[in-house]
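There are 2 protein chains.
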Amino acid sequence: MTTAALSPTDRTTATRGRHRMVAERAALHALLAEAMVAHVGLTVGSGPDAHPLVLPTAYAADPDGPDDGGSLYLHGSVAAGWLPTVLAGQVCVTITLLDGLVAARSGFHHSANYRSAVVLGRPRLVEDEVEKVRALDLVVDQVVPGRSGTLRPHTRKELAATAVLALPLAEASLKVRAGGPVDDEPDIAAGVWGGHVPLRLVAGEPVADADAVGVPVPAEVAARAAALAAR
Amino acid sequence: MTTAALSPTDRTTATRGRHRMVAERAALHALLAEAMVAHVGLTVGSGPDAHPLVLPTAYAADPDGPDDGGSLYLHGSVAAGWLPTVLAGQVCVTITLLDGLVAARSGFHHSANYRSAVVLGRPRLVEDEVEKVRALDLVVDQVVPGRSGTLRPHTRKELAATAVLALPLAEASLKVRAGGPVDDEPDIAAGVWGGHVPLRLVAGEPVADADAVGVPVPAEVAARAAALAAR
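Chains as they are written, first to last, in the UniProt record's numbering: chain C, 1 to 231; chain Z, 1 to 231.
Extracted from the complex, chain C is given alone in its bound form (with noise of 0.2 Å):
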């Protein structure tokens, strides 16, 4: 794993809230362990009916991943209809924790904390099954770690149907905001009240389909509500 400072470009250097950009690749990462969504967007079409589409999906980042700044893998049922254009061209990658509510003592200020993570690329289809069988392992532990130790392998048709995409975290920025509102001092000396509301994730109890009614629930699942839902 690179340890190297984040160093955006300009194409992820924030216009406004620079102050709020982290440069640690390690607070990178982290927040890509433990995100659950990405949004992808990637342009469609060309000329004048060109437009941008975001669409969420699962995602498994490696910072030991063979591209430069490590791996982030995206994947997608190559009957996709994005899959040609995310080849052709470059996606942006977004992934954001919502972290809190912050009520200022005016609209003006009101926000929100988050974490953000933007990375820009040419995604690299992959086509070595090793890397490819890695990939998919580790979309499916980013949900539930621990949980494509239990599977059977992936079969052959499996994997023919499945594209598997990866993006260098060389160019990838974070932003953060934390803590309470930055209000105007007219407001604080009014006496209104100011803060956040810490906001999270948390899991309910896993839910057996009728199928696996009796089977017990497995470590790795239980574990994971239980990790989620105790912080």
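No wet-lab data here; the hints were simulated from the structure.
Be aware that a few hints might be false.
The list cannot tell twin chains apart, which means a pair is met if one copy fits it or any two copies do.
With a straight-line cut-off of 20 Å between C-alpha atoms, the simulated SDA-like cross-links for lysine to any residue are [as the list claims (entries may be wrong)]:
| # | residue 1 | residue 2 |
| --- | --- | --- |
| 1 | 132 | 107 |
| 2 | 157 | 45 |
| 3 | 132 | 109 |
| 4 | 132 | 27 |
| 5 | 157 | 27 |
The model shown is predicted, which means the values in this text are computed figures rather than measured ones.
Let chain C serve as the given structure and place chain Z on it in line with the hints.
Below, chain Z without anything else, positioned relative to chain C:
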């Protein structure tokens, strides 16, 4: 509010998972009312250097807004680098709530439960001051319902520093996944556990900032935290 069913265009129709698309406009509005973060996609630059950019942002939806299908409001600093780009072209706004982890009996069928709205269109700069103030209040109330009515009015300077954009909710689609995994028969017969883990965003206790210690937590902030704690 229009009650017309959602009629996604080709651009907002999933090429995969069409059975997960939901046509009820009420379901779209319920998601837009519940979520707190939008991911806005835009295309930056032109020609071979053009690339997508996806940024998280606050928003508010007004089903009765003046745009076709109702209005989705975004706001930002007039100094934001993305503002001219957004006004020059089309944007894609995607709003996703993660509702659960789906632990299938194979890696291939692992999934997530979610609700995700995709809205495409050309934003309109809101120039009418009454609409602009109302939109900014809606953005505050999206985070803490009722908060805007307790705050001092926006100042001229604040309004001048803030750009408000409205996107029609006409070209919108909604995709929903719920429940347990869809597994293959042999994996079910093998007796592997399959099911899902519900997820929800919950709030902790409101945290007063240093200047608000001793000031009672306002009713609307307490109610927001309680509503998000009790689900």
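Going through the hints against the structure:
In the homo-oligomer, the alpha carbons of residue 132 and residue 107 lie at most 20 Å apart only across protomers (12 Å), although the nearest pairing inside one protomer, at 48 Å, exceeds that limit. In this assembly of identical chains, residue 157 and residue 45 lie within 20 Å of each other by CA distance neither inside one copy nor across copies; the values are 31 Å within and 40 Å between. Within a single copy, residue 132 and residue 109 get their C-alpha atoms only as close as 46 Å, which misses the 20 Å cut-off; across copies the closest is 16 Å, which meets it. When the C-alpha separation of residue 132 and residue 27 is checked against a cutoff of 20 Å, the pair qualifies neither within a copy, at 26 Å, nor between copies, at 37 Å.
With identical chains, the CA atoms of residue 157 and residue 27 are never at most 20 Å apart, being 38 Å at best within one copy and 36 Å at best between copies.
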